[in-house]
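Colleague: Fit chain S to the supplied structure of chain F, relying on the hints for placement.
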Amino acid sequence: MIILETQNLSFGHDSNTLIDNLALHAKQGESIGILGCNGAGKTTLFDLICRIKKPTNGTIFNASQRTAYLTQIITPPPLLRMHEIGRLISSLNANTPPSQAEILSRLTHWSPSLSKRYTDISQKKASTCSYGEIRSFFTLTLLLQDSDLIILDEPTAGVDPEFRHFIWVGIHNACREGACVLVSSHYTEEITANCHRFYMLANRRLEAFNSGEEFMARHRARSLDEAFINASL
Amino acid sequence: MKRRSATLFLNTNKIITITTILITEHTREPTALLWSAIAPCLLFVITTLQHPTPDVTTQSYGASAAWFYSYISASVAFFGFSFYLIGRRESGFVRSFIYEHNSILRFLLAHSFSYSIISTAYASLFYLITKPFYGNYSVVELLHLLACFYTSYLLFTCIGLGIAALPIKFSTASTLFSLMSFLMLISGYSGATQSLMTSHSLILLNPLYLSTRLFNNELPLLSSFVATLAAALSALYFTGRYFRIQPIWSRY
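Those sequence lines, one after another, are chains F and S. As numbered in our numbering, residues 1 to 233 make up the first sequence, in order. As numbered in our numbering, residues 1001 to 1252 make up the second sequence, in order.
Extracted from the complex, chain F is given alone in its bound form:
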């Protein structure tokens, strides 16, 4: 079932068009990658989907009951413990905020090591958490809510391999349980390896790909990064 679809989506300021005529669709249970260089318009696209910005043209069909959105830069309230911040986020966003026991039970089902890591971070004050801990905690907290469309803006940027692994474990399991996850990144390899499909946003346009091989073939490249560079030029 299609949960999100955009048609002829455009946005710009005055005469400066940032994104033009975008077409995107996403189904329940899919993880969709959005690749694009800095300033390509990935965040703008997500803001449009979440209605934080209004498109200058085109339509957005969002059939999700609940959309969750993790933006790139967030500084958590430093004096709160992470589990308190988790409860705050759930009370603000979730239809029915899950209890800590429900969260941990679901996480244990996903991965016992992930559950243990999440529990450890939950007890820490935000001011003492590392960037990776904060990023993975926020991502997992959003994935554990009752959202059926989850938008993650570069959740793995600047995060070490261990927390990147945990973030992707969370994304895979949320999709398995029926959520649709839209995730942006600069890392072509992790997108092609982990997402069902992906789009490349470059030069104001969105190009759809089903695999890394298709991406490299269409941009006449021998590596994914080369394809990324060629697509961005």
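One or more hints might be untrue.
Derived DSS-like pairs: lysine-lysine, alpha-carbon spacing no greater than 25 Å straight-line [what the hints assert, rightly or not]: (1) Lys-53/F with Lys-27/F; (2) Lys-54/F with Lys-27/F; (3) Lys-1131/S with Lys-53/F; (4) Lys-1169/S with Lys-54/F.
FRET-style restraints, in silico, Cβ to Cβ [stated by the list, open to error]: (5) Ser-113/F with Ala-1227/S: 56 to 64 Å; (6) Asn-1102/S with Thr-17/F: 30 to 38 Å; (7) Lys-124/F with Thr-1175/S: 27 to 35 Å; (8) Ala-101/F with Ser-1234/S: 56 to 64 Å; (9) Leu-1143/S with Asp-146/F: 17 to 25 Å; (10) Gln-123/F with Ile-1129/S: 54 to 62 Å; (11) Asn-62/F with Thr-1120/S: 57 to 65 Å; (12) His-25/F with Leu-1166/S: 35 to 43 Å; (13) Ala-101/F with Glu-1029/S: 27 to 35 Å; (14) Lys-125/F with Leu-1143/S: 32 to 40 Å; (15) Thr-1031/S with Asn-62/F: 36 to 44 Å; (16) Asp-146/F with Asn-1216/S: 50 to 58 Å; (17) Glu-1029/S with Asn-16/F: 36 to 44 Å.
Some chain S residues close to chain F (C-beta under 7 Å, calculated; not the full set) [to be verified]: (18) Lys-1014; (19) Thr-1017; (20) Ile-1018; (21) Glu-1025; (22) Phe-1097; (23) Ile-1098; (24) Phe-1243; (25) Ile-1245; (26) Ile-1248.
Keep in mind the hints are simulated off the structure, nothing from the lab. Being a predicted model, the structure only gives us computed values, none of them experimental. Idealized CB from N, CA, C, for every residue including glycine.
Modeller: Coordinates of chain S only, in the frame set by chain F:
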């Protein structure tokens, strides 16, 4: 009907949870406790001990403590209530978690409740510490002072919400609130030390002075409360309606 009741109950629960977390966060901020709660108490005690007054009536306490209560209400409204809104926006927290209509509504209600409780707690603490220098505690007197205090607090939240609506960064907001507090104190001090004629026009513009008039029974409490409540609710409504989601530093 059952479904509506369940939604109402769930929303009430969420607002209570958010309020509790916001109060917890505030109580962990030692600087806020020091400047808004402890410092006014200490200053009042020191000045009272240095200049003891034989008149220990209720009117005398109200007149002596009016500036202190006004300062506490301004301090919590500016550096707590309004500054927090700017801080959460500039940290990117609002952009990620408080951008939908329902989330904004829940957040603003919980935020208002939490700072109403915090400010009232500070005023009560001030009363409990300072009143013994002016006779025995009185519940009626405390309730009257709290009513004056909350009216004053609502007045300052209107100003604070106006500043929070401006497209200013966290550091600029900090400077602006500090500057406003300083100007209000200076204006109040000059009003108290100079003759009424010379300072009259200047001091009338000072919201801190207006607030002290409430405590001195120079303004009608009930109508002042109704007016400030209406103004504060309107300011809150417009804050929610035109809620600033994007941090000012952000290119988005």
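Colleague: Can you give the numbers of the hints that this structure goes against, from lowest to highest?
Modeller: Hints 3, 8, 9, 10, 11, 24 and 26 are the ones this structure does not satisfy, whereas the remaining hints hold.
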